[in-house]
Amino acid sequence: MNFTMDSIYLDAFAETARLAAALKDTVAFKLKKRGAVVGVSGGIDSSIVLALCAKTFGPEKVLAIMMPERDSSPESKELATVLCEKFKVPYILEDITDAVNGFGCYARRDEAVKRVFPEYDPKTYKMKIVLKDDKEAKGKLNLFYLTIIAPDGTVKSQRLPLAEYLQIVAASNFKQRSRTNMLYYHAEAKNYAVIGTGNKNEHEQGFFVKYGDGGADVKPIAHLFKTQVYQLAEFLGVPEDIRKRTPTTDTYSAEQTQEEFFYKMPFEVMDRIWDGWEKGVPSDVIAKVLNIPQAQVEVVINDVRQKIQTTEYLRQEPFSLG
Amino acid sequence: MSVSINYSEVVKEFIIDNFLFGDGAKITNDTPLLEKGIIDSTGVLELVAFIEDNFKVTVTDEELVQENFSSLIAIEKFLQSKNNKTASN
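Heads up: the protein sequence lines correspond to chains A and B, in order.
FYI, the numbering for the first sequence is 57 to 378, going by this note's numbering.
FYI, the numbering for the second sequence is 62 to 150, going by this note's numbering.
Calculated directly from the structure, the hints in this document are not laboratory data.
Mixed in with the good hints there might be a few duds.
Cut-off 27 Å, straight-line C-alpha distance, at most; resulting in silico cross-link-like pairs (DSSO-like, lysine-lysine) [to be verified]:
no., chain 1, residue 1, chain 2, residue 2
1, B, Lys87, A, Lys188
2, B, Lys117, A, Lys363
3, A, Lys188, B, Lys138
4, B, Lys87, A, Lys335
5, A, Lys212, B, Lys117
6, B, Lys146, A, Lys363
7, A, Lys363, B, Lys97
8, B, Lys146, A, Lys266
9, B, Lys146, A, Lys188
10, A, Lys170, B, Lys87
11, A, Lys170, B, Lys117
Next comes chain A alone, as it looks inside the complex (with noise of 0.2 Å):
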């Protein structure tokens, strides 16, 4: 195949109208749902989605949620209020910040950020976890580390031991959990299906939470790549303020971007490689298309095939032992 930076971009429009088509199949006759509810967050990917709801069934038969917590930004309430507005899909705000503290999301989480770091004061430190961005180390094995921000800005940042690790990722993912409850209320009280909003970078890579923002009854995007999302994105006419934005996590109180916390380079670069892997494409062939080292290439995809392998639990139904 002739593989060039073009690629991986698809028919906005054909897309478009054939995922409006199966959505709607998918929910009336398999769900037998009557409506969408969509949680909203000002990122892309809710954005493209909620787009797409309001396009299929009509504004009037979507509900957008959106569900902040003290740690979120105020910037993505705001855009999520902008982008219901602008698709005329009614909203309704529910801050969880005392559902997830109710579970002990945030004591149990600076429990183990104080045992790396005993000066960590959550009032006035921030913390996120990073992946050690490493671009060029061949075959690096995905560790993750804890930074904190000082009151004066100093930064430190140390690799995470198991059991805190463990511990912050297991007292964070609270969050998302909450947050799919809350979808399933409104869901169950109006008799509309839950529609996921992960996509394929994040479903295939395993950057999700199970049977949080991975609960869903259907996950129209898991499929595109983010590249993919930000065509159809305009394409939909998404607001641009929300086009431009980073995506971050939005779980941690220091801000963090989805690409230091979990996939180490551009979306750009990183979905043009996998995608030409997945074509069978020759990595020497990528690296002169992208022009970039084809020891470069080689580790994002090693990079790749490691995520999917190692998150293959993530996107299993229960085994039954019958």
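We have chain A already, so just place chain B on it with the hints.
Just chain B, lined up with the frame of chain A:
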């Protein structure tokens, strides 16, 4: 006098006990631990913690590469090399 340790035997026992619920038939010295999914990213953390605690070594960020943890043979080679470096310092 330095004592020679068979690291891979100790690590193998840990992997069989901790990751395989005692099923030792699933692993030999050259089983590709990462490729076969016996050790995932959390498993690497567990393994590193075990190595650091049991052999009183510190695994640096630079040493956390697949080459050093790909099999029991690789782990043995890596730890012997670390041991030699420590002994010569």
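Each hint, compared with the structure:
For a cut-off of 27 Å, the pair hint linking Lys87 (chain B) to Lys188 (chain A) is broken: about 32 Å separates their Cα positions. At roughly 30 Å between alpha-carbon atoms, Lys117 (chain B) and Lys363 (chain A) are farther apart than 27 Å, so this suggested pair is violated. At roughly 25 Å between alpha-carbon atoms, Lys188 (chain A) and Lys138 (chain B) fall within 27 Å of each other, so this suggested pair holds. A hinted pair counts as satisfied when its Cα atoms are at most 27 Å apart, and Lys87 (chain B) with Lys335 (chain A) does not qualify at roughly 33 Å.
With a C-alpha separation of about 25 Å, the suggested pair Lys212 (chain A) and Lys117 (chain B) falls inside the 27 Å cut-off, and the hint holds. Taking the CA atoms of Lys146 (chain B) and Lys363 (chain A), the gap is about 33 Å. The hint is violated against a cut of 27 Å. Restraint check for Lys363 (chain A) and Lys97 (chain B): the C-alpha separation of about 13 Å stays at or below 27 Å, so the hint holds. For a cut-off of 27 Å, the pair hint linking Lys146 (chain B) to Lys266 (chain A) is broken: about 43 Å separates their Cα positions.
Between the alpha carbons of Lys146 (chain B) and Lys188 (chain A) the distance comes to roughly 26 Å, so the proposed pair stays at or under 27 Å and holds. Between the alpha carbons of Lys170 (chain A) and Lys87 (chain B) the distance comes to roughly 39 Å, so the proposed pair goes past 27 Å and is violated. The straight-line distance between the Cα atoms of Lys170 (chain A) and Lys117 (chain B) is roughly 24 Å, inside the 27 Å bound, and the hint therefore holds.
Violated hints, listed in ascending order, are 1, 2, 4, 6, 8 and 10; each of the other numbered hints is respected by the structure.
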